[in-house]
Amino acid sequence: MSSEPALMSLTAVASAIADKRVSSREATQSCLDRIAKWQPHLNAFMAIEAEEALKVADAADAALAKGSRRGPLHGVPLAHKDMYYEAGKVVTCGSRIRRDFVATTTSTALQRLKDAGTVRLGSLQMAEFAYGPTGHNAHFGPVHNPFKLGHVTGGSSSGSGSAVAARLTFAALGSDTGGSIRMPAHFCGVTGLKTTVGRVSRAGAMPLSQSLDTVGPLARTAEDCAVLLGLMAGADPADPTALPEPLPDYAAATAQSVKGLTIGVPNTFYVDDLDPEVASVLDATIAVFKREGANIVQVDLPDQRQLASASQLVLAVEAAAFHKRWLIERPQDYGPQVLMRLQNGLAISGVTYLEALRWRGPALAAHMAATANVDAVIAPVSPIPAPTIAESDVGNAPNAEAVIQRLTRFTRPINYLGLPSLSIPSGFTKNGLPVGLQLVGRSFDEATILRIGAAFQRATDFHEKVPLLP
Amino acid sequence: MTRPTEKEIGAIASAAGVPVDMEVAARITNSIGPAFDGFAAIAGTLPFDLEPSTFVLVQTAKAAR
Numbered sequence: 001m002s003s004e005p006a007l008m009s010l011t012a013v014a015s016a017i018a019d020k021r022v023s024s025r026e027a028t029q030s031c032l033d034r035i036a037k038w039q040p041h042l043n044a045f046m047a048i049e050a051e052e053a054l055k056v057a058d059a060a061d062a063a064l065a066k067g068s069r070r071g072p073l074h075g076v077p078l079a080h081k082d083m084y085y086e087a088g089k090v091v092t093c094g095s096r097i098r099r100d101f102v103a104t105t106t107s108t109a110l111q112r113l114k115d116a117g118t119v120r121l122g123s124l125q126m127a128e129f130a131y132g133p134t135g136h137n138a139h140f141g142p143v144h145n146p147f148k149l150g151h152v153t154g155g156s157s158s159g160s161g162s163a164v165a166a167r168l169t170f171a172a173l174g175s176d177t178g179g180s181i182r183m184p185a186h187f188c189g190v191t192g193l194k195t196t197v198g199r200v201s202r203a204g205a206m207p208l209s210q211s212l213d214t215v216g217p218l219a220r221t222a223e224d225c226a227v228l229l230g231l232m233a234g235a236d237p238a239d240p241t242a243l244p245e246p247l248p249d250y251a252a253a254t255a256q257s258v259k260g261l262t263i264g265v266p267n268t269f270y271v272d273d274l275d276p277e278v279a280s281v282l283d284a285t286i287a288v289f290k291r292e293g294a295n296i297v298q299v300d301l302p303d304q305r306q307l308a309s310a311s312q313l314v315l316a317v318e319a320a321a322f323h324k325r326w327l328i329e330r331p332q333d334y335g336p337q338v339l340m341r342l343q344n345g346l347a348i349s350g351v352t353y354l355e356a357l358r359w360r361g362p363a364l365a366a367h368m369a370a371t372a373n374v375d376a377v378i379a380p381v382s383p384i385p386a387p388t389i390a391e392s393d394v395g396n397a398p399n400a401e402a403v404i405q406r407l408t409r410f411t412r413p414i415n416y417l418g419l420p421s422l423s424i425p426s427g428f429t430k431n432g433l434p435v436g437l438q439l440v441g442r443s444f445d446e447a448t449i450l451r452i453g454a455a456f457q458r459a460t461d462f463h464e465k466v467p468l469l470p
Numbered sequence: 001m002t003r004p005t006e007k008e009i010g011a012i013a014s015a016a017g018v019p020v021d022m023e024v025a026a027r028i029t030n031s032i033g034p035a036f037d038g039f040a041a042i043a044g045t046l047p048f049d050l051e052p053s054t055f056v057l058v059q060t061a062k063a064a065r
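Going down the list, the protein sequences come from chains U and S.
Position one of the first sequence corresponds to residue 1 (this note's numbering), numbered consecutively onward.
Position one of the second sequence corresponds to residue 1 (this note's numbering), numbered consecutively onward.
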């Protein structure tokens, strides 16, 4: 056991608390100590609730001493993206508009994690209204990458990626509408699971796009993500879009090897125009899977640019519709970049929007036909490692818009298809920046991509690398 | 399908109840234009009976197998 409990994985600390090898107070204090050291450098937290967290941790320890364990994550301290409503708490959504918004309900995903016994450390930074891929925030400042300060974390779950990587929390909820879990996971060297649309309830989660929004975890390992998904997934009377599909034992799936599984490598688009270091990480990762017994085959996917375009049309309109009242009443209270993105949705007619939605079924069917012989597809999350905060600052850097377009190129098509995708830490650049790859699965088959991710993490140690303060 | 012009964007935004000036409309054209270009091959080709809910049917049919 590490002398610093915060360095343990979620599953390891949960088990250590259950066995009374570590108390919830020790685990919580360990996270708080790291938060105190790192927060001035990272800006990953929106709110730190140290006193309250320790009080709840003490109560968890007292309950355990009496033989009462609330659930599988009894006493485990966590913090989440500041867009999950918790009754009585301020939920800023990374915005000025909701700076003082106090939620009156608790999101289903959060409630299910609370019911499992978790302790709240505070809330995590994010892109304003989850509408930005870099981690910039005009109101609360940018979040920094713990592996290289001054570089972006990716967004919109910027605080989640940064805090999990720096071991300030054992895991964090993010949300993924256009890549917002996978990009911070890729840039910050953590594991991030974008779930299938309909797998996890979105009740009480700030909406951005009702067709594309998904709730999912960022954590250190695929096994941690599996545990969290198992606790959160499933139907919810408060969200009819959360489907009652069967729930496999995700954690059990992560114990299996990749022997006999087939992983597809796209022969175009996802392998085009890659940074050479990302390309070599992809090659090395494929080699690991081959060594571990997976079959590797080429796959010829349908035109991914069309999917990305349809995704943008749907997202732009739905986001503009959610924000319409504030676009009329409070446009000055948005950051300039988010205001511009929201205004984009005003330019798209109802007919075009509905065409983009109507095509979604045939597009998914075509993808399924193209991938019928594989269990998952492997692809980079982004063609490049984390750019600097300065070079991706739209409005202040000449090529920032081009940089941002390039960042999201490989994530948007997957959102349009509603598929699950697991981003796993797969290597580092010579400069010390993490590189993640995504494993894209079949609808509602998170179990297989978690299995593949866990097998990779048993064979490698990229997910164990802890960033150091400069 | 072609990307909308500044004038068209001005009209659509007005109809949506959130008017924008010509400068903003020009910026939107450049920003959203590539999405229109990318979707052009699909627009206007979808069969009459295709409902958006087909997506969920395709999703769950696969999951059931």
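Worth flagging that the hints you see were computed from the coordinates, not collected in a lab.
Glycine residues also receive a C-beta, built at the ideal position from the N, C-alpha and C atoms.
Mixed in with the good hints, there may be bad ones.
As the list claims (entries may be wrong) - Simulated restraints, written as ranges between beta carbons of each label pair: (1) U:Pro-331 <-> S:Ala-61: 39 to 47 Å; (2) U:Glu-391 <-> S:Asn-30: 15 to 23 Å; (3) S:Pro-19 <-> U:Glu-391: 32 to 40 Å; (4) U:Ala-402 <-> S:Pro-19: 42 to 50 Å; (5) S:Ala-40 <-> U:Arg-458: 27 to 35 Å; (6) S:Pro-19 <-> U:Arg-99: 21 to 29 Å.
To be verified - SDA-like, lysine to any residue: derived pairs with alpha carbons at most 20 Å apart: (7) U:Lys-324 <-> S:Ala-15; (8) U:Lys-20 <-> U:Lys-37; (9) S:Lys-7 <-> U:Val-351; (10) U:Lys-324 <-> S:Leu-50; (11) U:Lys-324 <-> S:Asp-37; (12) U:Lys-430 <-> U:Pro-237; (13) U:Lys-114 <-> U:Lys-37; (14) S:Lys-7 <-> U:Ser-349; (15) U:Lys-324 <-> S:Ala-11; (16) S:Lys-7 <-> U:Gly-350; (17) U:Lys-55 <-> U:Lys-114; (18) U:Lys-324 <-> S:Ala-40; (19) U:Lys-324 <-> S:Gly-17; (20) U:Lys-37 <-> U:Ser-15; (21) U:Lys-324 <-> S:Ala-61; (22) U:Lys-114 <-> U:Ser-15; (23) U:Lys-324 <-> S:Val-24; (24) U:Lys-324 <-> S:Ala-43; (25) U:Lys-465 <-> U:Leu-149; (26) S:Lys-7 <-> U:Ser-280; (27) U:Lys-430 <-> U:Gly-395; (28) U:Lys-324 <-> S:Arg-27; (29) U:Lys-324 <-> S:Ala-41; (30) U:Lys-55 <-> U:Lys-66.
Unchecked claim - Chain S side only, calculated, beta carbon under 7 Å to chain U, not exhaustive: (31) Ala-11; (32) Met-22; (33) Ala-26; (34) Leu-46.
Discussion item. Hint compliance check: list the failing hint numbers for this structure, sorted ascending.
Written reply: 4, 5, 8, 10, 11, 12, 13, 18, 20, 21, 24, 26, 27, 29, 31, 32 and 33
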